[in-house]
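Engineer: Chains as they are written, first to last, in numbering that gives the first Met the number 0: chain B, 0 to 207; chain Y, 0 to 251.
I should point out that these hints are in silico values taken from the structure, not numbers from a laboratory.
Everything numeric in this text was worked out from a predicted model, so none of it was measured.
Any given hint could be a false lead.
As the list claims (entries may be wrong) - Below are the SDA-like pairs computed for lysine to any residue, each with C-alpha atoms no more than 20 Å apart in a straight line:
| # | chain 1 | residue 1 | chain 2 | residue 2 |
| --- | --- | --- | --- | --- |
| 1 | Y | LYS113 | B | LYS119 |
| 2 | B | LYS195 | Y | LYS36 |
| 3 | Y | LYS36 | Y | ILE162 |
| 4 | Y | LYS70 | B | ARG180 |
| 5 | B | LYS137 | B | THR196 |
| 6 | Y | LYS70 | B | LEU29 |
| 7 | B | LYS119 | Y | LYS36 |
| 8 | Y | LYS117 | B | GLN135 |
| 9 | B | LYS145 | B | THR196 |
| 10 | B | LYS77 | B | LYS195 |
Stated by the list, open to error - Coverage of chain Y stretches by chain B, computed from C-beta distances (three or more under 8 Å per stretch; other residues unrestricted):
| # | stretch |
| --- | --- |
| 11 | 0–11 |
| 12 | 115–125 |
| 13 | 132–142 |
| 14 | 167–181 |
| 15 | 202–209 |
All C-beta atoms in this analysis are idealised placements derived from N, C-alpha and C, irrespective of residue type, glycine included.
Here is what each chain is made of, one letter per residue.
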Amino acid sequence: MNVTIVDYQSGNISSVINSFTEVAKGKVNLEVTADLNKIKSSDKIVLPGQGSFKSCVDSLNSINGLVEALNEFAITNKKPLLGICVGLQMFADVGFEEIETKGLGWISGKVSKIDNQSGKFKLPHIGWNEIEIVKQSKIFKDIENKSHMYFVHSYEFIPNDKSVISATTDYSSKIVCSVERDNLFGTQFHPEKSDKTGLKIIENFINL
Amino acid sequence: MLKNRIIPCLDVKNGRVVKGINFVELKDAGDPVEQAKIYSDGGADEICFLDITASNENRDTIVDIVRKTAKECFVPLTVGGGVRTIQNIRDLLLAGADKVSINTAAVNNIKFVKEASKQFGSQCIVVAIDAKKVSDNKWEVFTHGGRNKTGIDVIEFAKQVEINGAGEILLTSMDKDGTKSGYDIELLKAITDSTNIPVIASGGVGTLDHLYDGIVKGGASAVLAASIFHYGEYKIKEAKEYLNSKNVSVRL
Chain B
0 MNVTIVDYQS
10 GNISSVINSF
20 TEVAKGKVNL
30 EVTADLNKIK
40 SSDKIVLPGQ
50 GSFKSCVDSL
60 NSINGLVEAL
70 NEFAITNKKP
80 LLGICVGLQM
90 FADVGFEEIE
100 TKGLGWISGK
110 VSKIDNQSGK
120 FKLPHIGWNE
130 IEIVKQSKIF
140 KDIENKSHMY
150 FVHSYEFIPN
160 DKSVISATTD
170 YSSKIVCSVE
180 RDNLFGTQFH
190 PEKSDKTGLK
200 IIENFINL
Chain Y
0 MLKNRIIPCL
10 DVKNGRVVKG
20 INFVELKDAG
30 DPVEQAKIYS
40 DGGADEICFL
50 DITASNENRD
60 TIVDIVRKTA
70 KECFVPLTVG
80 GGVRTIQNIR
90 DLLLAGADKV
100 SINTAAVNNI
110 KFVKEASKQF
120 GSQCIVVAID
130 AKKVSDNKWE
140 VFTHGGRNKT
150 GIDVIEFAKQ
160 VEINGAGEIL
170 LTSMDKDGTK
180 SGYDIELLKA
190 ITDSTNIPVI
200 ASGGVGTLDH
210 LYDGIVKGGA
220 SAVLAASIFH
230 YGEYKIKEAK
240 EYLNSKNVSV
250 RL
């Protein structure tokens, strides 16, 4: 099996590479690339994302044919794709970080700033928070409800169709922190930095 | 609910841990990779490396250590010490650091913080502030491990740090550092009250109650400590269980 981590110069993806390398050891062939042919022939794709929504979308668009290749992979061919952090946020139609920016439009909804209730909640939301599993997701196999995951973000994904939400976390309000729709998976938290529980989620995705 | 973080800090000089953990099970007490692994297995919420190597020639050593550690520890890794250029940050992030802490370079030029956070994202830019009390409720920013006075007010500087895009502040009291008499709670409170980004408390921890005070009285989002963990006085797990018993929420 070929798993590809999309390297579109979206900031620091070393931790994603390290954790997938650890889990993939001897089981799957892991590629880190933006090569369109490799992406198209992959079995699974990981779409990381750090920095702002706008900077990530701009980076995706700067690689000729990348968005089309991802659309073909995830929407036309319905092959498994995992978005992490801004990688998940880009599933939305639109994001409001820096300026209004069009997303991939895979799961209808928007990405807006977390309401910090006039300074009552510090932003970014940094650290370990419990996840509340609201729908059984394939990547949560053997993951206990209320497990701790590592978060770093100031913006949240608000999908229109709430049935895609697989987990939320409590910070100022119930923030969507995981979604699953058919072959599309996304986590707002960083499984690659969430210790053994996070590695288990990565393993679940690889084993799909 | 967001948990308060416990962050053990390892001082690294020329690739070796200074004041390392004294655990019997350690094969090599000076190996930063092995010590980081012990902390991460022991429940540390994050690991911090502070590179205190004096010379620039040895900069590559810390990058190499980060590279090895990041392959074995799957919790966030923050690296600071001698970070002066965008290239320094890029090297550390590519090696596997999740956050980079900037100290003197931020004091010399606050726009460096802006440039760094714009380029790499606020989530990986921490500004380390070394503060010294100058009068009642007034602290000044110091650099070079507390040797150089800057004349800059800490509260004003912390606000600037936030405005220029840092994701977190690592606040060290130079008066308290090494004393084991507890954090400077007034300083902490002054900074956590006047900024809206998370503050990591540092400098002065000698007991588990000091960790409690930093979070509850000082308003810190995370507490950093070195010697109480290094010398095996307390394990990370003990610190967390203690805080939990006093109703401070931690990741157990």
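Engineer: The structure should be examined with respect to each hint, and the outcome stated for every one.
Structural biologist: Hint by hint, here is what the structure shows:
1. A C-alpha spacing of about 24 Å is found between LYS113 (chain Y) and LYS119 (chain B), which places the hinted pair above 20 Å, so the restraint is violated.
2. With a C-alpha separation of about 13 Å, the suggested pair LYS195 (chain B) and LYS36 (chain Y) falls inside the 20 Å cut-off, and the hint holds.
3. Of the supplied pair hints, the one linking LYS36 (chain Y) and ILE162 (chain Y) is violated, its CA atoms being roughly 35 Å apart against a limit of 20 Å.
4. Of the pairs offered as hints, the one joining LYS70 (chain Y) and ARG180 (chain B) is violated, with about 31 Å between alpha carbons and a cut-off of 20 Å exceeded.
5. For the hint pairing LYS137 (chain B) with THR196 (chain B), the CA-to-CA distance comes to about 14 Å; that is within 20 Å, so the pair holds.
6. Under the criterion of a C-alpha separation no larger than 20 Å, the hint pairing LYS70 (chain Y) with LEU29 (chain B) is consistent with the structure, at around 15 Å.
7. The straight-line distance between the Cα atoms of LYS119 (chain B) and LYS36 (chain Y) is roughly 35 Å, outside the 20 Å bound, and the hint therefore fails.
8. Only pairs whose Cα atoms come within 20 Å are accepted, and LYS117 (chain Y) paired with GLN135 (chain B) is rejected, the gap being roughly 37 Å.
9. As the CA atoms of LYS145 (chain B) and THR196 (chain B) are separated by approximately 11 Å, the hinted pair is consistent with the 20 Å bound.
10. Annotation: proposed proximity of LYS77 (chain B) to LYS195 (chain B) is violated, straight-line Cα distance about 29 Å (limit 20 Å).
11. Restraint check on the stretch 0–11 of chain Y versus chain B: 5 residues with Cβ-Cβ distances below 8 Å, three needed, restraint holds.
12. Chain B is given as covering the stretch 115–125 of chain Y, and this holds because 5 residues of the stretch bring a CB closer than 8 Å to a CB of that chain, at least three being needed.
13. Here the stretch 132–142 of chain Y counts 0 residues with a CB under 8 Å from a CB of chain B, which misses the bar of 3, and the coverage is violated.
14. Given a C-beta distance limit of less than 8 Å, the hint that chain B covers the stretch 167–181 of chain Y is violated, as 1 residues qualify and 3 are needed.
15. With a cut-off of 8 Å between beta carbons, the stretch 202–209 of chain Y has 0 residues touching chain B; three or more are needed, and the interface restraint is violated.
Violation of the numbered hints given earlier is confined to hints 1, 3, 4, 7, 8, 10, 13, 14, 15; the remaining hints are satisfied by the structure.
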